[in-house]
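Trainee: Residue numbers (our numbering), protein chains in the order written: chain A, 11 to 282; chain P, 371 to 798; chain V, 52 to 354.
Just so you know, not all the hints are guaranteed correct.
Cβ pair distances, simulated, as ranges [as the list claims (entries may be wrong)]:
| # | chain 1 | residue 1 | chain 2 | residue 2 | range |
| --- | --- | --- | --- | --- | --- |
| 1 | V | L78 | A | G225 | 35 to 43 Å |
| 2 | V | D130 | A | L195 | 51 to 59 Å |
| 3 | V | P250 | A | G225 | 50 to 58 Å |
| 4 | A | F267 | V | E254 | 34 to 42 Å |
Please keep in mind that the hints were generated in silico from the structure rather than gathered at the bench.
Predicted, not measured: the structure shown is a model, and the values here were computed from it.
Don't be surprised by glycine CBs; every beta carbon is placed ideally from N, CA and C.
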Amino acid sequence: MASRRINRLTPFNVTALALGLAFLYLPIVILVIYSFNASRLVTVWGGWSLRWYYEFFNDRAMMDAAWMSLRVAAVSATIATILGTLAAVALTRGERFKGRMLFSGMLYAPLVMPEVISGLSLLLLFVALDAGRGFWTVTIAHTTLTMCFVTVVVQSRLGAIDRSLEEAAMDLGCDPVRAFLSVTLPLIIPSIAAGWMLAFTLSLDDVVIASFTTGPGSATLPIRIYSEVRLGVKPEINAICTMVIALIAVVITVASFASKLSRAQGENAVPL
Amino acid sequence: MAEERPDNEAAAGPAKPESPVIEAEKPEALPAEPSQPEPAAAPARPEPAAAVPARIEPQPEPEMPLLRIEGVTRKFGNFRAVDRVTLDIRAGEFFALLGPSGCGKTTLLRMLAGFETPDEGRILLDGRDIAPVLPHERPVNMMFQNYALFPHLSVKDNIAFGLKRAGMAKADIRTRVAEMVALVKLEGLEKRKPDQLSGGQRQRVALARSLARRPQVLLLDEPLAALDKKLRESTQQELMELQRRLGMTFIVVTHDQEEAMTMASRIGVMDAGRLDQVATPRDLYETPASRWIAEFVGDINLFEGQVGAAEAGRLAIATRDAGTLYVAEPRSPLAKSVVSVAIRPEKVKLSRRAPAAEGTSAHAFNRLEGVITDVSYLGGHTTYRVKLDSGAIVRSSMANTTRIVDAYAASQRVVAWFMPDDCLVLEQ
Amino acid sequence: MSARRIFARPASFAAIAPYLWMVLFFLVPFGFVLKIALSQTAIAQPPYVPLFDLWGGREATVAAFDQLSIENFKLLISDNLYILSYLRSLTVALVSTAILLLIGYPVAYGMARLPQRWQAIAMMLVIVPFWTSFLIRIYAWINILQHDGLLNTVLLKLHLISAPLVWLSTDTAMYIGIVYSYLPFMILPLFATLAKQDPALLEAAADLGASPWQAFWQVTFPLSLPGVGAGALLCFIPVVGEFVIPDLLAGSNALMIGQTLWLEFFTNKDWPVASAVAVVLLVLLVAPLLLYERLQHRQLEAR
Numbered sequence: 011m012a013s014r015r016i017n018r019l020t021p022f023n024v025t026a027l028a029l030g031l032a033f034l035y036l037p038i039v040i041l042v043i044y045s046f047n048a049s050r051l052v053t054v055w056g057g058w059s060l061r062w063y064y065e066f067f068n069d070r071a072m073m074d075a076a077w078m079s080l081r082v083a084a085v086s087a088t089i090a091t092i093l094g095t096l097a098a099v100a101l102t103r104g105e106r107f108k109g110r111m112l113f114s115g116m117l118y119a120p121l122v123m124p125e126v127i128s129g130l131s132l133l134l135l136f137v138a139l140d141a142g143r144g145f146w147t148v149t150i151a152h153t154t155l156t157m158c159f160v161t162v163v164v165q166s167r168l169g170a171i172d173r174s175l176e177e178a179a180m181d182l183g184c185d186p187v188r189a190f191l192s193v194t195l196p197l198i199i200p201s202i203a204a205g206w207m208l209a210f211t212l213s214l215d216d217v218v219i220a221s222f223t224t225g226p227g228s229a230t231l232p233i234r235i236y237s238e239v240r241l242g243v244k245p246e247i248n249a250i251c252t253m254v255i256a257l258i259a260v261v262i263t264v265a266s267f268a269s270k271l272s273r274a275q276g277e278n279a280v281p282l
Numbered sequence: 371m372a373e374e375r376p377d378n379e380a381a382a383g384p385a386k387p388e389s390p391v392i393e394a395e396k397p398e399a400l401p402a403e404p405s406q407p408e409p410a411a412a413p414a415r416p417e418p419a420a421a422v423p424a425r426i427e428p429q430p431e432p433e434m435p436l437l438r439i440e441g442v443t444r445k446f447g448n449f450r451a452v453d454r455v456t457l458d459i460r461a462g463e464f465f466a467l468l469g470p471s472g473c474g475k476t477t478l479l480r481m482l483a484g485f486e487t488p489d490e491g492r493i494l495l496d497g498r499d500i501a502p503v504l505p506h507e508r509p510v511n512m513m514f515q516n517y518a519l520f521p522h523l524s525v526k527d528n529i530a531f532g533l534k535r536a537g538m539a540k541a542d543i544r545t546r547v548a549e550m551v552a553l554v555k556l557e558g559l560e561k562r563k564p565d566q567l568s569g570g571q572r573q574r575v576a577l578a579r580s581l582a583r584r585p586q587v588l589l590l591d592e593p594l595a596a597l598d599k600k601l602r603e604s605t606q607q608e609l610m611e612l613q614r615r616l617g618m619t620f621i622v623v624t625h626d627q628e629e630a631m632t633m634a635s636r637i638g639v640m641d642a643g644r645l646d647q648v649a650t651p652r653d654l655y656e657t658p659a660s661r662w663i664a665e666f667v668g669d670i671n672l673f674e675g676q677v678g679a680a681e682a683g684r685l686a687i688a689t690r691d692a693g694t695l696y697v698a699e700p701r702s703p704l705a706k707s708v709v710s711v712a713i714r715p716e717k718v719k720l721s722r723r724a725p726a727a728e729g730t731s732a733h734a735f736n737r738l739e740g741v742i743t744d745v746s747y748l749g750g751h752t753t754y755r756v757k758l759d760s761g762a763i764v765r766s767s768m769a770n771t772t773r774i775v776d777a778y779a780a781s782q783r784v785v786a787w788f789m790p791d792d793c794l795v796l797e798q
Numbered sequence: 052m053s054a055r056r057i058f059a060r061p062a063s064f065a066a067i068a069p070y071l072w073m074v075l076f077f078l079v080p081f082g083f084v085l086k087i088a089l090s091q092t093a094i095a096q097p098p099y100v101p102l103f104d105l106w107g108g109r110e111a112t113v114a115a116f117d118q119l120s121i122e123n124f125k126l127l128i129s130d131n132l133y134i135l136s137y138l139r140s141l142t143v144a145l146v147s148t149a150i151l152l153l154i155g156y157p158v159a160y161g162m163a164r165l166p167q168r169w170q171a172i173a174m175m176l177v178i179v180p181f182w183t184s185f186l187i188r189i190y191a192w193i194n195i196l197q198h199d200g201l202l203n204t205v206l207l208k209l210h211l212i213s214a215p216l217v218w219l220s221t222d223t224a225m226y227i228g229i230v231y232s233y234l235p236f237m238i239l240p241l242f243a244t245l246a247k248q249d250p251a252l253l254e255a256a257a258d259l260g261a262s263p264w265q266a267f268w269q270v271t272f273p274l275s276l277p278g279v280g281a282g283a284l285l286c287f288i289p290v291v292g293e294f295v296i297p298d299l300l301a302g303s304n305a306l307m308i309g310q311t312l313w314l315e316f317f318t319n320k321d322w323p324v325a326s327a328v329a330v331v332l333l334v335l336l337v338a339p340l341l342l343y344e345r346l347q348h349r350q351l352e353a354r
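Next comes chain A alone, as it looks inside the complex (with noise of 0.2 Å):
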């Protein structure tokens, strides 16, 4: 043996994590590759083909749902970064104050709330209202799911900077409130970006909770796929989920290459 090292790659270590990211990656791989199927059948190889996608951008009803769930996630995930930032910042830096356990419990649960309590207990809400379902009762259903996750996100930032920073700035003269945005704010950019980003995908994915609170005519991409999926495979259908990946991969790609840069810009900066 070279290396008594316990961070070591053992046999074991190589297979266990091998096996893992296989099953995790090779089913959507296949998909990806027979979304480029010319054959109608899914599981016979015609040759690739750019067929299927051609057949999404025609299909109206599909590319409605589509371009109601993108303006769904966009908008919710929105209102769920500045609202989840909002209580991140308040779990972390304010005091305590009365109802803290309640506010801290209201944002964990949602995180393993079954989608079927969460779907139906605001469609109940929506309909005691009598608000006309649709497009922004979607948005506020996804919004309250996903301002969760943004919270946890930033949250977790948050309490990994040092407060000394803060009150740094509000010793060379920043009012508390312009602390927070000249010194904390640009340093959780970054995890606020990617609050917003896992808003947005999950907004896109979601079936259930757009099942109950969304309105006649105002289907979802998920729902179409759903209902389609529940007959059977279609290769159309492997067409959009793999843009659907594609769009979430260049987001991500973006956002990545963006904090990469901004990065990249201090160490440039160096004279040296």
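We have chain A already, so just place chains P and V on it with the hints.
Mentor: Chains P and V only, in chain A's frame:
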């Protein structure tokens, strides 16, 4: 930097009008035009209204200290982190708060900065109670223990941070930042981010940033704790020189007694929330107020004993471990009958035989016989542990003034002796 | 003075907007669920007898209280369908959590033992699938598991089987789907606790005579228990109420409680019963939920 300069000339120094936003700044504190402030003993009067906004209404009396802490207490639950501390600090002083960790010194400093509020007592700055003044409104700046440099800002922007908040003009900020960078010798590093600096450089940025606003009082929380020993020593010298040049009031918190004694003109020793003694370094070392302080500040041999008769300016104290010891008769009579005789190791001398009595008096000096058990060679001096016949240990420290081998070896029988005048009598 | 104090402590004021939002859209809706669960079914739109009008005054309120019915809850106990659903949900959640732990622990352990630089990459690799749509990942498995899907094709080619096996619409498929979807939720908390452990602990254990196997069971595993707890709860609670995965992958002979609720609500249009099902499900989950909230709280406080 020993130029003598009348105060009015310093005031006329900078031709450009000073930014009015930096409150209560003292023009003589301009780093570019350093001037010798008056000696610390005579409190510097704040400059008249020109640079000082109307907010400071009462003109302090000449005797008024710059900072007055009156019976300040800070409780965390039932724990009194700071317990009825009263302290005056004069303008231009280099004051050190010394104490073990958890003694409340940092909490006291944070109350001065405004991050903690006293539960009892008042803090007066320039005669004005600063309790309602929020941290960002205080003419006081702090250098944080971990420096708290803003990781997303360059050296330049870190230093300019406080100036921008003060609404200073862009050109003035540039000049001031350049002055500060020169002051702490960071030229060429202005564009670096904190994580591209060494520990010593970061310390300098933190210092420059807290000095840039020219606070009336600069608070330094363990400013050198993160530096290695060599760097710490040279930085101590630089801090002292800087303080002298700027004539600013420095309050430094430290747990390192050597550091406090090197830099500070006065030291306040804190223990368990209380301020036990305030004294110059020499007085603190030579006449500590209590056994605790004597042991905390430097090394000391302590012998407890019963107070006996006084004769010819000598007081006999019957100790259990070291027989009868003679000490100089205290000026004021002792309140207790059981006291401790304290003697610093470097004042205990060793010899093979008892030295011939100087003069005739039998109690001209104290003599203790014993065997050397340990010899610790420390370079500049050597410490010997002498086990007395009673079993007690006396430490003696001798300067190595020549390159010979240690004068005494382990298990050698010696006489440890010291003068009554070098002994201290501690009642508590 | 008070205005200044408020100004000095704005962090708590950041709570106002999210607090109100969560009360309105998370807490209050549960009140409505309870209210509808206690009301009677009607063939109407919305399909229940309106219970009480908050603005109806005191007498109307008293009258409304008399109308409260626990009929729906009685139905839940008397009808086997519901009890079996609940039991199936709990069983499926327990089995899935156990499988997830068995698969997730070795993976998390392997990740934590990687060199520092690789750990970040491995973590990215585990998180990225989580970012891709969950529905799509389930759909991907339908592609593989269907009658003439990839799995059967490969097995046939390898001559391991002579005729295609039925994968889809079985419990096996459902467990594959659940494990696949929830694996990141199990791995990440486990990895977090395992990666925090000082490798020197294992060196110390080895130094004191423990074999690697003993060191694992006596040092590594006990120290990773908080991660095990977090991962288990993070998977167990949502799986109990899972709807999409059993609906798409499992057979229709036994329903999980999420499916039953869905059925009552969308197909039978029986909102009061669906609400009662939700209330009971929530009560079942209160203990693990509180445990989870506790754990979350402690972890974040400890930072």
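Trainee: Compare the structure with each hint and give your call.
Mentor: We went through each hint and held it up to the structure:
1. V/L78 with A/G225: 35 to 43 Å: violated, 24 Å
2. V/D130 with A/L195: 51 to 59 Å: For V/D130 and A/L195 the Cβ distance comes to about 55 Å; the hint holds.
3. V/P250 with A/G225: 50 to 58 Å: holds, 56 Å
4. A/F267 with V/E254: 34 to 42 Å: holds, 39 Å
In summary, the structure is inconsistent with hint 1 from the numbered list given earlier, while agreeing with all the others.
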